[in-house]
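K.L.:
The primary structure of each chain is shown beneath.
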Amino acid sequence: MGPRYIIVAVALAIALAAGVFVAARNQAPDAPTSALALPVPKPVPAFSLLNQFGESVDQSVFEGQWDLVFFGFTHCPDICPTTLQVLAAAKKALADQGREVLPRIVLVSVDPERDSPEILGQYIDYFGDGNLGLTGTLEEVRKLTGGLGIFFQKQSGDDDGADYSVDHSAAVLVIDPDGGFHAVFSGRHVVDNFVHDLPILMGNR
Amino acid sequence: MRLSVALLASALVACGAPKPPLVISELEVTEPIPGRNMSAGFFVLRNNTAEVINITGVYSPQFARVEIHETTVTDGVSRMRRLDALVVPAHGSVVLERGGKHLMLMQAHEGSDAVTLQFLSAGTPVLSVDYVFPKDN
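Residue numbers (the numbering used here), protein chains in the order written: chain P, 1 to 205; chain Z, 1 to 137.
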């Protein structure tokens, strides 16, 4: 191969790379920038929990609407209310845009020992109407979290063990109307990320 | 939902100094969520002295207990731990913010529309601040 062919080959490679870059940039407005969408939605695992009204619900509670699901607990003073405020603000922003399809906000308690349906109901109502809270036995909560790859672990508390904390995944999951785990937002949650990505995720259905 | 701030801070040491040794700003105390009797406190503490100031305790008459906590998110997992002290570097600041260091105010006494925070260093009060919940919230 002579020098002329090498130059042509390099030029072609650069042109190809530039084309791929431009194509990727052109696709960006239609692609989520923060959420990671699963190639194929994963069905929510079977479980039996209580909603905030004390009614028994199973995995079908996730069917029929888009859900933003966060796993936290009501004794959490910082990251849990902050995340729920972000989700509520994102939902309001989408409503202000005139969008008809709005996600439901769901809080699954990773502290069912302290989070009764009544306590959970008071808590989630603070962040808006139409929210769903799920609690129940630790075993049933673990059926749901385990099947979705969500981690949580109770920590030792003070001397009498009352004021303990719970380590938990910070992720927000997107569940589609078929009850499928569709996408995940991880990391530090920002309102604009949800406002940008959710219509794309929901419109791709 | 962010609460507006009305605060009255007074340094209790080094009166007459050009600058107060410890200055608090951007104070926000979250209102207790219904069903919960706890709040969180966020602010910036500025140390105007040449010595490190260790805040080893915070007292509030409106709460049974106040602790200094830090939330970290590592590998996608949120963890909250109690800190023994809040270290305010010499001629520097420490920031208490959502998702990071914060005050955890536990077991609120009912009926309070204001919160007093008294910061202690080795048992000695070094700063007192009042926060008033806005009435329109």
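Among the hints, erroneous ones may be present.
[To be verified] In silico DSS-like links for lysine-lysine, alpha-carbon gap of 27 angstroms or less:
1. P:Lys154 - P:Lys143
2. P:Lys92 - P:Lys154
3. Z:Lys135 - P:Lys154
4. Z:Lys101 - Z:Lys19
5. Z:Lys19 - P:Lys92
Honestly, the hints are just simulated from the structure, not real lab data.
What you are looking at is a predicted structure, and each value in this text was computed from that prediction instead of being measured.
K.L.:
Now tell me, hint by hint, if it's right for this structure.
P.N.:
Results for each hint:
no.: 1; hint: P:Lys154 - P:Lys143; in the structure: holds, 16 angstroms
no.: 2; hint: P:Lys92 - P:Lys154; in the structure: violated, 33 angstroms
no.: 3; hint: Z:Lys135 - P:Lys154; in the structure: violated, 37 angstroms
no.: 4; hint: Z:Lys101 - Z:Lys19; in the structure: holds, 25 angstroms
no.: 5; hint: Z:Lys19 - P:Lys92; in the structure: violated, 44 angstroms
Hint check: violations occur at hints 2, 3 and 5; the rest are consistent with the structure.
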